[in-house]
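Residue numbers (the working numbering), protein chains in the order written: chain A, 99 to 381; chain B, 195 to 479.
Since the hints were derived computationally from the structure, they do not count as laboratory data. Worth double-checking, as some hints may not be accurate.
[Unchecked claim] Among the chain A residues that face chain B by a calculated CB cut under 8 Å, a handful are:
#: 1; residue: 118
#: 2; residue: 126
#: 3; residue: 373
#: 4; residue: 377
For every residue, glycine included, the Cβ atom is placed at its ideal position computed from N, Cα and C.
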Amino acid sequence: MRVKASTAAAEPDLALDPKDTVRILEGFIRSEVERTGRHRVVLGLSGGIDSALAAYLAVRALGRSGVVAVLLPHRDSSPASVRDAETVVGALGIVAERFDISAMVDGFLAHAGEVDRLRLGNVMSRSRMLVLYDRSAEHHALVLGTSNKTELLLGYGTLHGDLASALNPLGDLYKTQVRELSKALGVPKAILSKAPSADLWPKQTDERDLGFSYRDADRILALLVDARMSAPAIARRGYPRAVVHKIQELVIRSQYKRRMPVIAKVSTRSVGWDFRYPRDWRS
Amino acid sequence: MQTVRVALAQIAPKLGKLKANLEIHEELARQARREKARVVIFPELSLTGYLLRDQVPDVAMTRDHPSFRRLLRASKEIDIVAGFVEEAPGHKFHNAAAYLSKGRVLHIHRKIYLPTYGMFDEGRDFAPGDVVRSFKTPGARAGVLICEDAWHPTCAWLLVQDGAEVLLVLSSGPTRGARPKRGITSLGVWHELLRATAQFQTSFVLYVNRVGFEDGLNFGGGSLAIDPFGRPIATLPALETGLAVAELDAEILRRARTAYPLLRDENIELVYRETTRLRQQRFDL
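When you get a sec, could you build the whole thing from the sequences and use the hints?
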């Protein structure tokens, strides 16, 4: 007897227990901030779901006085983004600063000449990083990261730009899980329902940039990374072969974004090789 | 054994800070004594924190190290079981645990199985132990296991064959997040494993797991005392520090070993014969 194999894509389990996950992430933020002798974080609030969730978690961990939100619009940013960021600020009752990066970017462009869209996006992302790190010095605070696991694995972020932070509570949450937790914590509806976008140019969306949906990406990544399944085995479960292949390639090609720069070993004890301490060394 | 009152101290050690951790131990020992416990048990590497890496030689101690002597002094008031980095002869650093009583060292266990996979890298930093022995405490015969040791059922089996009535399992177990219904995932798995260990070995199992954060790792807690029937007799919550007291009733051990004479019926000769054969085959002897 011949048995026809099921072609329905097997669903990896991405469900979280919101209550205990939030407890872990809250404790993580509090512990990692306080052990540095600081009591505050600064974060860039874009109007998107990731930075909104990071702000909600940070307020739970450190209280309202422990969070400084910085709105970093560019003149081409969508007005809706700024509005949504302001909604988060109002809902949480946190201190917010506004720093328009247009002049910084213009100043750079005046010397750099013509740059394409992608380079311009990177310049904008790194301008925001520059402001955040300066604000963190002013407030004696740490920069809170907002990159999620999907972005980190796909390399969908700017090195030394939005990928830069002192601590990141979202780095082990897929986009799908960011949505689930955001819903559980009461992040405003307008933010939950809009299409994810880096808002680096008009009408940009993540899913158009990437060429696949977060729903597919998260499921494929969960099988590839968490379940340690091979790409052909995932394709056999009914996921489009081309998408599986593309995602695996993106993960491999973006490894450099997830590591410190490589160091040439020419001594007996070298940073990264045989000089290995936890980041929380004696704290 | 006699009926003994024990205290499980679920703490969050500070990474690489001996003095701060000693103070935590002394404070919890005082609390446990107020609760009339005869022994207080701390988690794996309770004096040093877990994610040490290259700090291992900096916090390692022999028995005459001032910090070790200070803990010994505290054990004059109440028996103390604590995790530390032992510097053994030959400058071998062990992930170890000591049972201290009345100012004396009754036993030191060196972790046998050093997890070196996934998020763990203990085989890089520590020397493995190679002795599994039970020992006499004022109240009962006991045996110590450290975290991964408990995942190798042979360790608990050997201790109980060697007379242990109480198994002390010290742990620094990181969690892997929380799922619907199951909560903190690693805790459920641990609790099942420990309950089975208590039942298979018809022994009391005292599990003490730490809490707190080191780099991105978070430790789950959920410390638990289980009787030889596999029933929980004291529990601590996930993710929070705390102290729990349990009474280990000698009569329960007797009843469990009467109802389930697994220890009596264990065929050690068979195990010896079969492991000898396996050893001969494996090493072509």
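| message | So, against the hints stated earlier in the document, which numbers end up violated here? | response | When the structure is compared with the hints, none of them turns out to be violated.
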